[in-house]
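Undergrad: Go by the hints and put chain L onto chain W.
Chains as they are written, first to last, in my numbering: chain W, 852 to 1142; chain L, -4 to 93.
Calculated from the structure, these hints are not laboratory results.
We put the beta carbon where it would ideally sit given N, CA and C, even for glycine.
Be a bit skeptical, because a hint or two may be false.
[Unchecked claim] Ranges between beta-carbon positions, derived for each pair: (1) Glu1051(W) - Thr33(L): 51 to 61 Å; (2) Gly74(L) - Arg999(W): 40 to 50 Å; (3) Thr76(L) - Glu1041(W): 38 to 48 Å; (4) Ser884(W) - Val32(L): 25 to 35 Å; (5) Leu888(W) - Arg57(L): 33 to 43 Å; (6) Gly922(W) - Gln86(L): 29 to 39 Å; (7) Thr76(L) - Ser1120(W): 52 to 62 Å; (8) Ala1116(W) - Val90(L): 52 to 62 Å.
[Unchecked claim] List of simulated lysine-lysine pairs, DSBU-like, C-alpha gap at most 35 Å: (9) Lys0(L) - Lys52(L); (10) Lys52(L) - Lys917(W); (11) Lys963(W) - Lys13(L).
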Amino acid sequence: MSNADMISAFVNRQSFIELDARERAQSLMDSGSWRELVGPFDRIESPWLPAQGIAPQSDDGCVVLKGTVAGEAVVVIALEGGFQAGSMGEVSGAKMSTALDLAAQDSQNGTKTTAILLLETGGVRLQEANLGLAVVAEVMASMLALRRHAPIITVIAGTVGCFGGMSLAAGLSSYLVMTREARLGLNGPEVIEQESGLEEFDSSDHALVWAIDGGEQRVAMGVADELVLDDVQSIAAAVRRYVAAGLPPVHRSEQFEIYRKRTAALDTSSQIDPLTLRDSWNGKTAIGGAQ
Amino acid sequence: MEHLKFDYPSATRRVANKAHVGVVGSGELEVLMQPDVTGTAHVSILTSVTGFSSSWKAVLDRFFSKFDGAVRIDINDAGATPGAVMLRLEQAVEVIEQ
Chain W
852 MSNADMISAF VNRQSFIELD ARERAQSLMD SGSWRELVGP FDRIESPWLP
902 AQGIAPQSDD GCVVLKGTVA GEAVVVIALE GGFQAGSMGE VSGAKMSTAL
952 DLAAQDSQNG TKTTAILLLE TGGVRLQEAN LGLAVVAEVM ASMLALRRHA
1002 PIITVIAGTV GCFGGMSLAA GLSSYLVMTR EARLGLNGPE VIEQESGLEE
1052 FDSSDHALVW AIDGGEQRVA MGVADELVLD DVQSIAAAVR RYVAAGLPPV
1102 HRSEQFEIYR KRTAALDTSS QIDPLTLRDS WNGKTAIGGA Q
Chain L
-4 MEHLKFDYPS ATRRVANKAH VGVVGSGELE VLMQPDVTGT AHVSILTSVT
46 GFSSSWKAVL DRFFSKFDGA VRIDINDAGA TPGAVMLRLE QAVEVIEQ
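So here's chain W without its partners, still in its complex pose (with noise of 0.2 Å):
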């Protein structure tokens, strides 16, 4: 694409960013063909952050949408950055993995139906403590037993990105969409810096977090299998292609042999910058993708 093209599509394309979860989860599928499972008007609430003096969300947080993309059947979860940072508390957890149970149990009744996540959040919802942590695990065994049937399509768009134990989710998916705003990571650049200090990582220098944390980088490195403009066509386009593959002959989490002799070869005795890493990790070779 010419630099004249790239500033076309750029200027005249339709952020997906800017949409709320909803939207983002209406635009990805077929138009009319959704309905929503849980949602607003059935006032399922988080019951801990009243108590803590925070207000909750009538869906809190997170998203379910049945339908079709491309006249396949799917399940879309939304998580919405906007809310508590799309963290993961009790309701939005049980909602997240009762969804992916019920794709499972219909792929296997006849009726494959892929699972479509879009990832916004820093992880577990620290107010929500254990149960946070327990609906973390909880997704992560329903996404398992999800994918031995149908494929599970993670989009990373931004600005939130995804973090924490939710990174670890986005790892069991079948293919890992990202755009050059979006992050994932397993510690957030705010807790390493505080954990570790500002000369171990410098969380306002954001040029650094993303050439870290960054889709480029993630994509580069072959952790996530494709980097898309912020554009709710391009983004689309996408999953209806990953919708199409099915499932991927091996799933990226299986390769794990692969990934650790390639942390073992790693040279740590200087500091690697993300550039060098991209080459030294080589990981093009053992994505589970399509490509």
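TA: Then chain L, alone, in the frame of chain W:
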């Protein structure tokens, strides 16, 4: 944390649809609007900011001076300004009257 309730007995026009707008982000709120089973309007607000009951009443009084729908309104609020509250209420009306 404060739970506020307001009633508008003169708002009796029947409405058919429901609307959900907004996200409970910092300085933001969500509004759930739906037909009220009692035939008049009732507002229930859960807000993380205490001590602004009179501001809420002023905003809602003004809103119901122009809107007469018999709606049940539920609001979860994370510190929205009165202007933002009014915009979200008007947005919800736009959705139910589409």
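Undergrad: Would the pair Lys52(L) and Lys917(W) pass a check requiring their Cα atoms to be no farther apart than 35 Å?
TA: violated, 39 Å
Undergrad: So does Gly922(W) sit 29 to 39 Å from Gln86(L), Cβ to Cβ?
TA: Check passed, 33 Å falls within 29 to 39 Å.
Undergrad: Indicate whether the distance between the beta carbons of Thr76(L) and Ser1120(W) respects the range 52 to 62 Å.
TA: Given about 54 Å between the Cβ atoms, the range holds.
Undergrad: Assess, step by step, whether the Cα of Lys0(L) is no farther than 35 Å from the Cα of Lys52(L), and give holds or violated.
TA: holds, 9 Å
Undergrad: Take the C-beta atom of Thr76(L) and the C-beta atom of Glu1041(W), compute their distance, and say whether it sits inside 38 to 48 Å.
TA: Violated, since Thr76(L) and Glu1041(W) (Cβ atoms, about 27 Å apart) do not stay within the stated range.
Undergrad: Would you say the C-beta atoms of Ala1116(W) and Val90(L) sit inside 52 to 62 Å of each other?
TA: For Val90(L) against Ala1116(W), whose Cβ atoms are near 56 Å apart, the range 52 to 62 Å holds.
Undergrad: Are Gly74(L) and Arg999(W) spaced within 40 to 50 Å by their CB atoms?
TA: holds, 45 Å
Undergrad: Between the beta carbons of Ser884(W) and Val32(L), is the distance compatible with 25 to 35 Å?
TA: holds, 31 Å
Undergrad: Honestly, do Leu888(W) and Arg57(L) meet the 33 to 43 Å range at C-beta?
TA: Given range 33 to 43 Å: holds, Cβ gap about 37 Å.
Undergrad: Decide if the proposed pair is consistent with the structure: Lys963(W) and Lys13(L), CA atoms, cutoff 35 Å inclusive.
TA: Holds: Lys963(W) and Lys13(L) sit about 33 Å apart, inside 35 Å.
Undergrad: Return holds or violated for the Cβ distance of Glu1051(W) and Thr33(L) against the range 51 to 61 Å.
TA: holds, 60 Å
Violated hints, in rising order: 3 and 10; the structure is consistent with all others.
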